[in-house]
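Engineer: Sequences listed follow chains A and B, in order.
Residue 35 in this note's numbering sits at position 35 of the first sequence, and the numbers go up by one each step.
Residue 472 in this note's numbering sits at position 472 of the second sequence, and the numbers go up by one each step.
Hint data in this document are derived by calculation from the structure and do not stem from the laboratory.
None of the values given here were measured: they were computed from a predicted structure.
Do not rely on the hints blindly, as some may be mistaken.
Unchecked claim - Simulated restraints, written as ranges between beta carbons of each label pair: (1) B:V449 <-> A:P70: 49 to 57 Å; (2) B:E72 <-> A:Q22: 49 to 57 Å; (3) A:P70 <-> B:S49: 49 to 57 Å; (4) B:T219 <-> A:Q22: 26 to 34 Å; (5) B:T219 <-> A:P21: 26 to 34 Å; (6) B:R396 <-> A:R37: 23 to 31 Å; (7) A:P21 <-> B:A557: 25 to 33 Å; (8) B:R259 <-> A:P21: 39 to 47 Å.
As the list claims (entries may be wrong) - Cβ-to-Cβ under 10 Å is the rule here; a few derived chain A residues that face chain B: (9) R6; (10) H13; (11) A17; (12) E18; (13) Q22; (14) Q24; (15) C25; (16) N29; (17) A30.
Just so it is clear, CB atoms sit at the ideal spot from N, CA and C, and this is done for glycine as well.
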Amino acid sequence: MRTTHRWLDEAGHVYVAEGGPQGQCVRLNAAASKVWRALLAEQITPDELEGSDGEFARSLLVTGVLLPGPSD
Amino acid sequence: MARTKPAARQTTGTRQRSEVLRIAPALTLAAAAEFAPAMAFVNPSVGYSDRRKSKPIGIAYVMAYLRSHGLESEGFDFGGALTEPELLAAEHRLDTYDIVGFSVYNESADNALSMAAWIKERNPTALIVMGGPHATAVADHLIAAHPQVDLVVRREGEEPMLEIARRVAARRPVTGVLGTTWREPNGEVASREDPPFIEDLDTLPFPDARFTSDSGYPTLSYFDDVSGRLKPALTVNTSRSCPYNCSFCGVLTIGRRYRTRSPGSVVEEIDYFRNRDGIPYQHIYFSDANFYVNPRRSLAVIEAIHAYDPAITVSFGTRVNQILRSEDVLARMKEIGLRFVELGIESASPAMLERLAKGVSPQVNVDAVRTLQRLGLEIVVDFIMFDPATTLADLRMNLAFLRRLGFYDYVPHEAIYTTLVLYQGTPIREFYERRHGRAFAPNELPDIVGLYENDDVAAVAAGMRWFRRTWQPAIDTALADGELCAEKWRSGGRTGDRLAQLQLDLVALRHVPYVFMQHLVEAAGDGRLALEEEYGAHLPSTGAPAAALTELLARVAELVGDEHFERDPSLLTRFA
Ligand code: B12
Ligand code: SF4
Chain A
1 MRTTHRWLDE AGHVYVAEGG PQGQCVRLNA AASKVWRALL AEQITPDELE
51 GSDGEFARSL LVTGVLLPGP SD
Chain B
1 MARTKPAARQ TTGTRQRSEV LRIAPALTLA AAAEFAPAMA FVNPSVGYSD
51 RRKSKPIGIA YVMAYLRSHG LESEGFDFGG ALTEPELLAA EHRLDTYDIV
101 GFSVYNESAD NALSMAAWIK ERNPTALIVM GGPHATAVAD HLIAAHPQVD
151 LVVRREGEEP MLEIARRVAA RRPVTGVLGT TWREPNGEVA SREDPPFIED
201 LDTLPFPDAR FTSDSGYPTL SYFDDVSGRL KPALTVNTSR SCPYNCSFCG
251 VLTIGRRYRT RSPGSVVEEI DYFRNRDGIP YQHIYFSDAN FYVNPRRSLA
301 VIEAIHAYDP AITVSFGTRV NQILRSEDVL ARMKEIGLRF VELGIESASP
351 AMLERLAKGV SPQVNVDAVR TLQRLGLEIV VDFIMFDPAT TLADLRMNLA
401 FLRRLGFYDY VPHEAIYTTL VLYQGTPIRE FYERRHGRAF APNELPDIVG
451 LYENDDVAAV AAGMRWFRRT WQPAIDTALA DGELCAEKWR SGGRTGDRLA
501 QLQLDLVALR HVPYVFMQHL VEAAGDGRLA LEEEYGAHLP STGAPAAALT
551 ELLARVAELV GDEHFERDPS LLTRFA
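From just these sequences and the hints, can you work out the full model?
Structural biologist: Spelled out as structure tokens, the structure:
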């Protein structure tokens, strides 16, 4: 997976610039931050994730914050 | 209604005459009945300006109560004044009143005493009355050691003050009133027992009192993120005291009996002040020490406000364990306008929580925060980072807690600087007196710097004081400007790299004070107690791309550039 958004991984959380519905900067909670890191490191795909983690990953795809394809 | 221009005051005919006697038996009844004492109520300075400055609600209640019994008075609020107390007293002619009542906090005790001495010197017949939390705690001392103080009203002031004013008006002796402490002619301290608490708070008039203030009041407002609007706000008190007994809390000196107002009375008060001020207040800050003691009654208050005007939003302060009691109630409150909760977290260390007598485990703190976060309610954090017995392990636990729950984004950065204040009359003050084998002077607020028991913690605390002095103002300004700019760009539909960079830089800037503290704690843990000249070496690099603090500040300044915007006062309040 890849993203065109700028992001910051600091103080235990991932922050995605313009990642919110109105272009706000969003902070992912600890669990969501883990999912984000794993997706971008290509350790896992959204389909392999279950429950709320899977829902979260799919929502990132729907909103276009994450895009299919390898990160560069 | 109290007048606000002292120079234009009409005198009652008695003021400024030294023969105005408190005990004047020779007067006829008719003459006595005509005498309306000139009364002033003063909130002296606590020595620094409180960014949440609002009218002193305690004396406002007392003044409104007196007025409802036909006795007018004038209010003076010097809460954050930096001017000498004597100069303020002279400027506002406080020596021209028959009765001057002071609301005394620990922080303002010295200023209150200085003003009182100045008044007494010029007008020995003025009756000086002190009340409020600190005066209650040291009533005997004030009378024994400070001849300029005639009377202390302990605890709730309405009834005793009315009785005192009536006696002055009738030229009867003012000693012997329930709930007061005074000096006998032989110099001995005497007092009478406390009167019963005011059980039915609905019987009290609303705290409608005008104050002459040295600084004026910033218009109280609240920026509602949900509606994106800056709303005019009002402070309302819906209950008194608190049934808990945290060891550091000054609320309890006023008495531990918790009483509440009815929802109808609270709504009437909002309506009353909207009409009085011609301002459609749309956010209510509940000033209660603990608003959420009984979830159902708290919900009933908010429901009633919502029924009165659904546009009104509210906020309140409470304890962590209360939050866990009723998530459903909080969810409903959120639906009908609750925006944030001020949460008395205080610490993440079991030892500190025990010293503070919070009666909760750190896990309860975590659960309460998670509950509010799940509900999407903003949290205002009350935290005590340092107390004299704090250990490095305590600091590590506190930082880990703040980091884990996402509070490294939190502004203002108060949580990492706050030190325990040992208020008079609190059990923890006595605990430290015993532990350190010395009694603090009655009006002294002991400086924690001299009380630290662990050198490593003292070193971290010194480093944090340096950081606050040296860097915090620049960080606050950059955050205030940067947030406004990012908000302006975002809401204006601007997207792209500059906005993204600014957003991430602001996050990074928020983190800096926390990460700096983390570095100091790590260094102290390795036995490297940072010296002042080495503090700079502990400043973190944060952000993406990572940058040193000076660089980060410069980057934000460059991004914000020449953007011009009206400073939104609520944002400034949040970052100042
Ligand atoms: C809301 C609040 C604030 C708000 C608003 C205060 C306001 N507008 O008055 C803000 C955030 C601005 C604030 C600021 C501060 N506060 Co404050 N605040 C409170 C809180 C939680 C509730 C106040 C309230 O609504 N009281 C309701 C009224 C009805 O009660 P009351 O104020 O006690 O007044 C009654 C009696 O005390 C008495 N009385 C008071 N003054 C006088 C004067 C006379 C002459 C008489 C006869 C009687 C009398 O009669 C009143 C009516 O019954 C209290 C805790 C509490 N009391 O519950 C802390 C509390 C009063 N605050 C405290 C402190 C220390 C401060 C600050 C110095 C800074 C700080 N650390 O927060 C500043 C200073 C403000 C100032 N003096 O200018 C301490 C006081 C401790 C002490 N022993 O000194 C308290 C007890 C909390 C604590 N930390 O333990 N505060
Ligand atoms: S819960 Fe709050 S108001 Fe109540 S005693 Fe504790 S600190 Fe004071």
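Engineer: Look at each hint and say if it fits the structure.
Structural biologist: Quick rundown of the hints versus the structure:
no., hint, result
1, B:V449 <-> A:P70: 49 to 57 Å, "holds (56 Å)"
2, B:E72 <-> A:Q22: 49 to 57 Å, "holds (52 Å)"
3, A:P70 <-> B:S49: 49 to 57 Å, "holds (56 Å)"
4, B:T219 <-> A:Q22: 26 to 34 Å, "holds (27 Å)"
5, B:T219 <-> A:P21: 26 to 34 Å, "holds (31 Å)"
6, B:R396 <-> A:R37: 23 to 31 Å, "holds (25 Å)"
7, A:P21 <-> B:A557: 25 to 33 Å, "holds (29 Å)"
8, B:R259 <-> A:P21: 39 to 47 Å, "holds (44 Å)"
9, R6, "holds (4 Å)"
10, H13, "holds (6 Å)"
11, A17, "holds (4 Å)"
12, E18, "holds (6 Å)"
13, Q22, "holds (7 Å)"
14, Q24, "holds (7 Å)"
15, C25, "holds (4 Å)"
16, N29, "holds (7 Å)"
17, A30, "holds (7 Å)"
Checked against the numbered hints above, the structure violates none of them.
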